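Whenever a hint applies, use it, and build me the whole structure from the sequences.
Under our numbering, the residues of the sequence shown are numbered 7 to 608, in order.
Since the hints were derived computationally from the structure, they do not count as laboratory data.
The structure presented is a predicted model; accordingly, all values stated were derived computationally and were not measured.
Incorrect hints may have been included.
[Claimed, not checked] Derived SDA-like pairs (lysine to any residue); straight-line CA-CA distance at most 25 Å:
1) Lys57 with Leu250
2) Lys584 with Ser541
3) Lys402 with Lys584
4) Lys145 with Lys158
5) Lys543 with Thr574
6) Lys482 with Glu595
7) Lys207 with Lys159
8) Lys404 with Gly394
9) Lys404 with Tyr446
10) Lys608 with Asn545
11) Lys355 with Gly336
12) Lys482 with Glu506
13) Lys420 with Glu471
14) Lys171 with Leu253
15) Lys355 with Lys505
16) Lys569 with Leu315
17) Lys524 with Ile603
18) Lys561 with Ser91
19) Lys420 with Pro431
20) Lys301 with Val146
21) Lys584 with Leu554
22) Lys171 with Tyr446
23) Lys449 with Glu422
24) Lys101 with Ser91
25) Lys407 with Ala437
26) Lys284 with Val247
27) Lys524 with Glu539
28) Lys407 with Ala438
29) Lys72 with Gly336
30) Lys301 with Pro96
31) Lys351 with Pro309
32) Lys159 with Arg94
33) Lys543 with Pro451
34) Lys608 with Thr576
35) Lys584 with Asn545
36) Lys101 with Glu116
37) Lys171 with Ser337
38) Lys505 with Thr556
39) Lys415 with Phe433
40) Lys415 with Asp452
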Amino acid sequence: MKPTLIPRTTKPILTIVLFFACVIPAHAQTMDEMWDSRSSAQDHPNIQWFKDAKFGMFIHWGLYAKLAGEWKGKRYYGSGEWIMSQARIPVSEYKKVAHTFNPVKFNAEEWAQLAQDAGIKYMVITAKHHEGFAMYDSKVTDFDIVEATPYKKDPMKALAVANAKRGIQFGFYYSQFQDWYEPNGGKNSWDFDESKKDYQKYYREKAIPQLKELLTNYGPLGIVWFDTPGGMTKAQTQAFVNDLRVLQPKSLFSSRVGHGLGDYRDFGDSEVPATPIKGAWESIYTHNDSWGYIKHDMNFKTPAEIISLLANVASKGGNLMLNVGPDGEGSIPEYSVKFLRETGKWLAKNGESIYGSTYGLVPAQPWGVSTSKPGKQYLHVINRPEKGQLLVPGFKGKVTKVYMLAGQKQLNWKNEGNDIWIDLPAFDADAANTVCVMEYWGKVPDYDLNVPVTVSNQYPENTVEATFARLKGAAKIQSLTYSHYYGDWKHTICVTDLKEIKDEVDFNIRVTEPGVYKIALEYSCAPESARQEGSMKVNGQEFLFRTLRTSEFDKKAPLPFIKHVIATTTFNKAGEYKISIQPLQNGTELFKLKSVILEPVK
Numbered sequence: 007m008k009p010t011l012i013p014r015t016t017k018p019i020l021t022i023v024l025f026f027a028c029v030i031p032a033h034a035q036t037m038d039e040m041w042d043s044r045s046s047a048q049d050h051p052n053i054q055w056f057k058d059a060k061f062g063m064f065i066h067w068g069l070y071a072k073l074a075g076e077w078k079g080k081r082y083y084g085s086g087e088w089i090m091s092q093a094r095i096p097v098s099e100y101k102k103v104a105h106t107f108n109p110v111k112f113n114a115e116e117w118a119q120l121a122q123d124a125g126i127k128y129m130v131i132t133a134k135h136h137e138g139f140a141m142y143d144s145k146v147t148d149f150d151i152v153e154a155t156p157y158k159k160d161p162m163k164a165l166a167v168a169n170a171k172r173g174i175q176f177g178f179y180y181s182q183f184q185d186w187y188e189p190n191g192g193k194n195s196w197d198f199d200e201s202k203k204d205y206q207k208y209y210r211e212k213a214i215p216q217l218k219e220l221l222t223n224y225g226p227l228g229i230v231w232f233d234t235p236g237g238m239t240k241a242q243t244q245a246f247v248n249d250l251r252v253l254q255p256k257s258l259f260s261s262r263v264g265h266g267l268g269d270y271r272d273f274g275d276s277e278v279p280a281t282p283i284k285g286a287w288e289s290i291y292t293h294n295d296s297w298g299y300i301k302h303d304m305n306f307k308t309p310a311e312i313i314s315l316l317a318n319v320a321s322k323g324g325n326l327m328l329n330v331g332p333d334g335e336g337s338i339p340e341y342s343v344k345f346l347r348e349t350g351k352w353l354a355k356n357g358e359s360i361y362g363s364t365y366g367l368v369p370a371q372p373w374g375v376s377t378s379k380p381g382k383q384y385l386h387v388i389n390r391p392e393k394g395q396l397l398v399p400g401f402k403g404k405v406t407k408v409y410m411l412a413g414q415k416q417l418n419w420k421n422e423g424n425d426i427w428i429d430l431p432a433f434d435a436d437a438a439n440t441v442c443v444m445e446y447w448g449k450v451p452d453y454d455l456n457v458p459v460t461v462s463n464q465y466p467e468n469t470v471e472a473t474f475a476r477l478k479g480a481a482k483i484q485s486l487t488y489s490h491y492y493g494d495w496k497h498t499i500c501v502t503d504l505k506e507i508k509d510e511v512d513f514n515i516r517v518t519e520p521g522v523y524k525i526a527l528e529y530s531c532a533p534e535s536a537r538q539e540g541s542m543k544v545n546g547q548e549f550l551f552r553t554l555r556t557s558e559f560d561k562k563a564p565l566p567f568i569k570h571v572i573a574t575t576t577f578n579k580a581g582e583y584k585i586s587i588q589p590l591q592n593g594t595e596l597f598k599l600k601s602v603i604l605e606p607v608k
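This is the structure we're talking about:
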């Protein structure tokens, strides 16, 4: 199920609290509703390696890689591993794909070496996805890579050995409920009558025996990564977990085992929580737009985008597991290989700021984010301030030294009240992430969203995210989930439910240099909400506006946002200010507000 942010009044949010609706029958759930991001909240004895790892590689590989996003002359977009479901391919036809699946270019040593070169600390690969095909030598079924294909080899054996040789934790993804190949497996409604399925029979005869094979025949496993739970009560799931734990007590189970019984939390596909989360957790992302290989999907994240994403996830206290989708011949796409190796070069110099770190104590700034180790704050400078003056606001530790992580060059800095100002040297303006280290002693307060958001003319834009909102009336902070292509999920934190005059959202900002700024509201506005009047108060002035239509909110479609410039105002002196936004009349929701953007006028 989807986590929802709890509305905040005057207290800082240090965690995002999840709540869940009553259990929905499995046949009625959509893909995103089958996620489960709860964990047991009890530390597994072997959890520390996972907390320290920070960077993992996900691999989606199966028969769908052979189809490469096409079926009978039609191209499909989004989640390539769902092509059997998208195209409603009958089992009788889909099983024939295995007859031509022959990944002769697969090389376990090359895959494991790529992971090592990229700075990857753990790898998880699909042993069986929803299509029901086993990518290993399974004795439970003949629908596997050894018996059903001309390849006749078990690639998982070689991969387990190659990763162990390099000290990379190895694990299997296993779809425990969805199995479109089996009459009693979950979610194939085009071949089988869902109402007549015996899910327990499926678990007894396939899922549990196959999981026992995986936990028995491939050496020590770091992770068993479950997906889309269903068909079992909490008591049944607990028994299922207990039974498997006997085989590998050191292996970690992902939260998608269901019912809050996992050892760590996995958020929704392509989701990073808005604020730091304590405990072990993970964000999972695709390298392009699909998990499984699609030959016409060429939207690969650049090295700079991967590095920024990794820093952002680490700054919230979690791990990033980035997916690659090998093709039907067993080759990882060349851009995944190239861009991951570039990421590894950055980590070779800056990995201290990522591996073994915890969430940063400095709330997100215009320059970037922070991560922590005892006595150290790592400042990930993604956007260099124009004049080289970097502000760390409200930092109450006693700073003793500041230096560049790569090269250890000492930096000049000064302390003004609780502010630290650092003189940054000139560095590559196109650098993905330049890390400064701030050493200190003394107790530093926990991450605090009440600290005013920095606004400076050293940056072309200053974005004040909805996460930092203070709410009045019925206003809420919510994470909205929607998709671009099929299953290509996106998540955006917004302020919602501004419906009446008494509903208000406030943002505290700190302007560090006086000057003229343009102020825009970034929002999504449904047709029925368009042409309503709103008020924005800031700097002793009130600015009126009328909302502009974008589109309806539909989780199966893109959610467009508009940057609506509302005002130009002059801040005559540096200091703290409040931005207040509210409807001018009672009515429907004003808009879904993503951020307030302040752009200095030069």
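* Tell me, which hint numbers fail for this structure? -> 7, 11, 13, 15, 20, 22, 32, 33, 36 and 40
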